[in-house]
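A.B. asks: With these hints in hand, go ahead and build the complete structure from the sequences.
Protein chains: 2
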Amino acid sequence: MQLPSTLLENAVNEFAKLPGIGKKTALRMVLHLLKQNANEVELFSETIAKMRREIKFCQRCFNISDSDICAICANRQRKQEMICVVENIRDVIAIESTQQFNGTYHVLGGVISPLDGIGPDQLNIASLVHRIGEEKTAEIIFALSPNIQGDTTIYYIQKKIQHLPCTVTTIARGIAFGGELEYADEMTLARSMANRLPVQQYVKS
Amino acid sequence: MQLPSTLLENAVNEFAKLPGIGKKTALRMVLHLLKQNANEVELFSETIAKMRREIKFCQRCFNISDSDICAICANRQRKQEMICVVENIRDVIAIESTQQFNGTYHVLGGVISPLDGIGPDQLNIASLVHRIGEEKTAEIIFALSPNIQGDTTIYYIQKKIQHLPCTVTTIARGIAFGGELEYADEMTLARSMANRLPVQQYVKS
Numbered sequence: 001m002q003l004p005s006t007l008l009e010n011a012v013n014e015f016a017k018l019p020g021i022g023k024k025t026a027l028r029m030v031l032h033l034l035k036q037n038a039n040e041v042e043l044f045s046e047t048i049a050k051m052r053r054e055i056k057f058c059q060r061c062f063n064i065s066d067s068d069i070c071a072i073c074a075n076r077q078r079k080q081e082m083i084c085v086v087e088n089i090r091d092v093i094a095i096e097s098t099q100q101f102n103g104t105y106h107v108l109g110g111v112i113s114p115l116d117g118i119g120p121d122q123l124n125i126a127s128l129v130h131r132i133g134e135e136k137t138a139e140i141i142f143a144l145s146p147n148i149q150g151d152t153t154i155y156y157i158q159k160k161i162q163h164l165p166c167t168v169t170t171i172a173r174g175i176a177f178g179g180e181l182e183y184a185d186e187m188t189l190a191r192s193m194a195n196r197l198p199v200q201q202y203v204k205s
Numbered sequence: 001m002q003l004p005s006t007l008l009e010n011a012v013n014e015f016a017k018l019p020g021i022g023k024k025t026a027l028r029m030v031l032h033l034l035k036q037n038a039n040e041v042e043l044f045s046e047t048i049a050k051m052r053r054e055i056k057f058c059q060r061c062f063n064i065s066d067s068d069i070c071a072i073c074a075n076r077q078r079k080q081e082m083i084c085v086v087e088n089i090r091d092v093i094a095i096e097s098t099q100q101f102n103g104t105y106h107v108l109g110g111v112i113s114p115l116d117g118i119g120p121d122q123l124n125i126a127s128l129v130h131r132i133g134e135e136k137t138a139e140i141i142f143a144l145s146p147n148i149q150g151d152t153t154i155y156y157i158q159k160k161i162q163h164l165p166c167t168v169t170t171i172a173r174g175i176a177f178g179g180e181l182e183y184a185d186e187m188t189l190a191r192s193m194a195n196r197l198p199v200q201q202y203v204k205s
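Same order as they appear, the protein sequences are chains A and B. Here the first sequence stands for residues 1 to 205, numbered as in full-length UniProt numbering. Here the second sequence stands for residues 1 to 205, numbered as in full-length UniProt numbering.
Misleading hints may appear alongside valid ones.
For identical chains, the list gives no copy identity; a pair is met inside one copy or between any two copies.
Unchecked claim - Straight-line alpha carbon distances no greater than 25 angstroms define the calculated DSS-like cross-link-like pairs of lysine-lysine that follow: (1) Lys50 with Lys160; (2) Lys24 with Lys50; (3) Lys136 with Lys79; (4) Lys136 with Lys159.
No lab work stands behind these hints: they were computed from the structure.
C.D. replies: Written out as structure tokens, the structure is:
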């Protein structure tokens with residue numbers, strides 16, 4: 001694609017670095033911005049730069065935050081002795097949008113994956129272990145991806161905290177609501193058979 | 001979707017204003033930028049702002065340009081007496097990428113569409129008519145969208161320039177290469193029957 005201007009080309013190249021954006025979509029975005037008021041584009045650009053410059057990570061749970069301690073950690077209405085361990089900030093947002101969880105989070109920043117060169121030291125695991133000991137946490141809920149890396153991470157952390165008196169659970173895995181049995185993969189189906197629940201407990205939940 | 005930070009939310013809202021970008025995709029982009037170096041995000045933001053601030057439109061053909069006259073208009077290798085009339089800059093880029101056209105362009109900025117409140121005065125039509133008279137243009141090629149608005153625009157411009165001695169043509173319309181007859185709409189099929197070509201002319205082109 002030959003573009004008629006270097007300024008345009010640079011802008012398209014910047015947009016094309018974003019995930020899932022090809023050159024054509026990038027061009028569409030840039031031409032859209034070109035049609036906007038100069039002020040609006042200035043605002044767009046300044047908002048992005050300011051976000052990157054000023055955003056903080058909560059010193060306790062590593063969630064994104066406007067201040068040193070995030071709104072969830074600072075909220076005394078929430079059960080501070082319950083920690084949900086997640087991979088990233090998107091997972092926090094997903095769980096928050098269910099409005100069903102009233103505890104706090106700990107964002108690991110990924111899962112242990114030796115093939116990708118990610119070991120425990122690259123993740124916020126030491127701080128989690130320290131936090132559990134320090135805060136006398138009552139329950140840890142793992143909400144990690146249901147794959148080998150997620151399971152490895154759970155296993156690793158559990159080993160590290162087994163001397164501490166806190167309950168360790170993981171979110172339920174099984175057939176999704178609205179999912180059809182015949183399209184479920186064998187692993188999920190086999191596991192959900194093995195971990196079957198008494199109907200009375202299921203109805204209550 | 002509840003976001004944990006106002007800075008994050010503002011950035012997501014800015015991205016969500018772009019065409020075809022919803023809140024979830026916007027969040028994915030913002031979190032991607034958050035993982036980049038501060039310098040890279042600064043560059044992203046500055047490139048967009050600079051593009052909007054400094055980009056120019058060619059004073060002759062209204063194509064995007066880094067200078068007052070665009071590279072195509074300034075190129076003496078191209079047939080300056082041949083003008084291809086297009087709706088927007090994307091069409092220029094599309095035709096340029098075929099590498100088959102060696103004339104110049106005139107970007108109208110849209111087509112006449114009374115329903116959307118777009119009349120001839122909102123478009124670069126007066127400048128086109130003036131340019132054809134001034135430059136003694138030999139041929140005008142209309143490459144507009146094949147719909148009522150496009151046809152109206154062609155008809156309007158043709159009326160304005162009929163006293164001038166230039167040839168007026170439009171790009172061929174018909175069944176696309178690789179297209180299947182049975183899936184073509186009736187209008188296209190009927191028109192391509194009516195405008196059929198002698199096979200010898202077809203083979204030559």
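A.B. asks: Indicate, hint by hint, whether the structure satisfies it.
C.D. replies: Hint check results:
1. Lys50 with Lys160: Classified as neither: same-chain Cα gap 38 angstroms, cross-chain 51 angstroms, threshold 25 angstroms.
2. Lys24 with Lys50: Between copies, since 20 angstroms is at most 25 angstroms while 27 angstroms is not.
3. Lys136 with Lys79: within (12 angstroms within a copy, 80 angstroms between copies)
4. Lys136 with Lys159: Classified as within; 17 angstroms inside a copy, 84 angstroms across copies.
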